[in-house]
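Sequences and hints are given; from them, build the entire structure.
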Amino acid sequence: MHDTCVLFHAIENDKATFPHPPKGKYYLVDAVYPNRDGYLAPYKGERYHVPDFQRGAPPTTPVEKFNRIRSSKRNTIERTFGVWNMKWKILLKMPNYSIQTQKMIIAATMTLHNYVRLHDKEDIHFLRCQRDPDYVPTIPERYKKYVIQIQEVCYSSKCIGFFNTGGKWS
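Under the UniProt record's numbering, the first residue of the sequence shown carries the number 1, and numbering increases by one thereafter.
I should point out that these hints are in silico values taken from the structure, not numbers from a laboratory.
Hints may be right or wrong, so weigh each one.
[As the list claims (entries may be wrong)] Lysine-lysine pairs mimicking DSSO-like chemistry, simulated, CA-CA at most 30 Å apart:
no.	residue 1	residue 2
1	K87	K44
2	K65	K23
3	K44	K93
4	K89	K65
5	K87	K25
6	K73	K103
7	K89	K44
8	K87	K103
9	K121	K93
10	K65	K87
11	K73	K93
12	K44	K25
13	K93	K23
14	K87	K121
Here it is, written out as C-alpha cells:
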C-alpha cells in the first residue's frame, strides 16, 4: 500500500488515536502529500532530492535552501527506517498481527533501536550508514513476499478525491 494512502487512512479512521504532531511541529512527508497543518512536503517545481543537490550547483534561492535542508533530514529518516527494517525482520511480517500487537512490536523495536544506538557503537547496520552517507538500506529480495501490495486502494475514488481536494476527505 502506498505510504500516502496508509497515512490518510489512519488519519480518517483513527482520528482519536492517530499521533498528530503537536502545534508548531511537523512530520516531513513526501512530495506526493499535500502541505497541511503539521505535515511538511517539499516545495514542488524545485530540486528536493539529496542527489540533486550533491551533483548540481549549491542551492541559491530560499526555496532551494529549504528543500535541501528538508531533504537532508528526510534522508536521515529513510536511512533510520531502512536499518530498523533490516535489523528487526518481524517488521516485515506485521500484517499477520492485530493492530494492538503491531503497536507493541513497533514500540519494542524502537526501544531496542535506541538502546543499540546508545550502547553498541560498532553495530554493523549503523556503521554502514555512517561510512556511506548515500547508503539507504532496502528490503532484501527474500523478504519482499511479506510486503503487502494493495495499490488499488490508492486508486480508489476516495483516495483520488483526497488528493484532488488538497488533503480533505469528501
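Next on the checklist: Holds or violated: K93 and K23, Cα atoms, limit 30 Å.
Outcome noted: Violated, at roughly 33 Å.
Checklist entry - Taking only the CA atoms, is the gap from K87 to K121 under or equal to 30 Å? => result Roughly 15 Å separates the two Cα atoms, so the pair holds.
Next on the checklist: Check the hint pairing K121 with K93 against an upper bound of 30 Å on the C-alpha distance.
Outcome noted: Given pair K121, K93 holds - Cα atoms ~28 Å apart, limit 30 Å.
Next on the checklist: Would the hint linking K89 and K65 be met if the CA-CA limit is 30 Å?
Outcome noted: violated, 36 Å
Item to check | Holds or violated: K65 to K23, with C-alpha atoms at most 30 Å apart | outcome: holds, 24 Å
Next on the checklist: With the threshold set at 30 Å, check whether the alpha-carbon distance from K44 to K93 stays at or below it.
Outcome noted: violated, 34 Å
Checklist entry - Quick one, are K73 and K93 close enough, alpha carbons at most 30 Å? => result Roughly 27 Å separates the two Cα atoms, so the pair holds.
Checklist entry - Between K87 and K103, is the straight-line Cα distance small enough, at 30 Å or below? => result Answer holds: K87 to K103 is near 18 Å, not above 30 Å.
Checklist entry - K87 and K44: Cα distance at most 30 Å? => result Violated: K87 and K44 sit about 34 Å apart, past 30 Å.
Checklist entry - Is the hinted pair K65 and K87 satisfied, with a Cα-Cα distance of at most 30 Å? => result violated, 33 Å
Checklist entry - Hey, K87 versus K25, does the alpha-carbon distance stay inside 30 Å? => result Given that 30 Å is the threshold and the Cα spacing comes to 29 Å, the pair holds.
Next on the checklist: Checking one constraint from the list: CA of K44 to CA of K25, max 30 Å. Satisfied?
Outcome noted: Given that 30 Å is the threshold and the Cα spacing comes to 21 Å, the pair holds.
Of the numbered hints listed earlier, those contradicted by the structure are 1, 3, 4, 7, 10 and 13.
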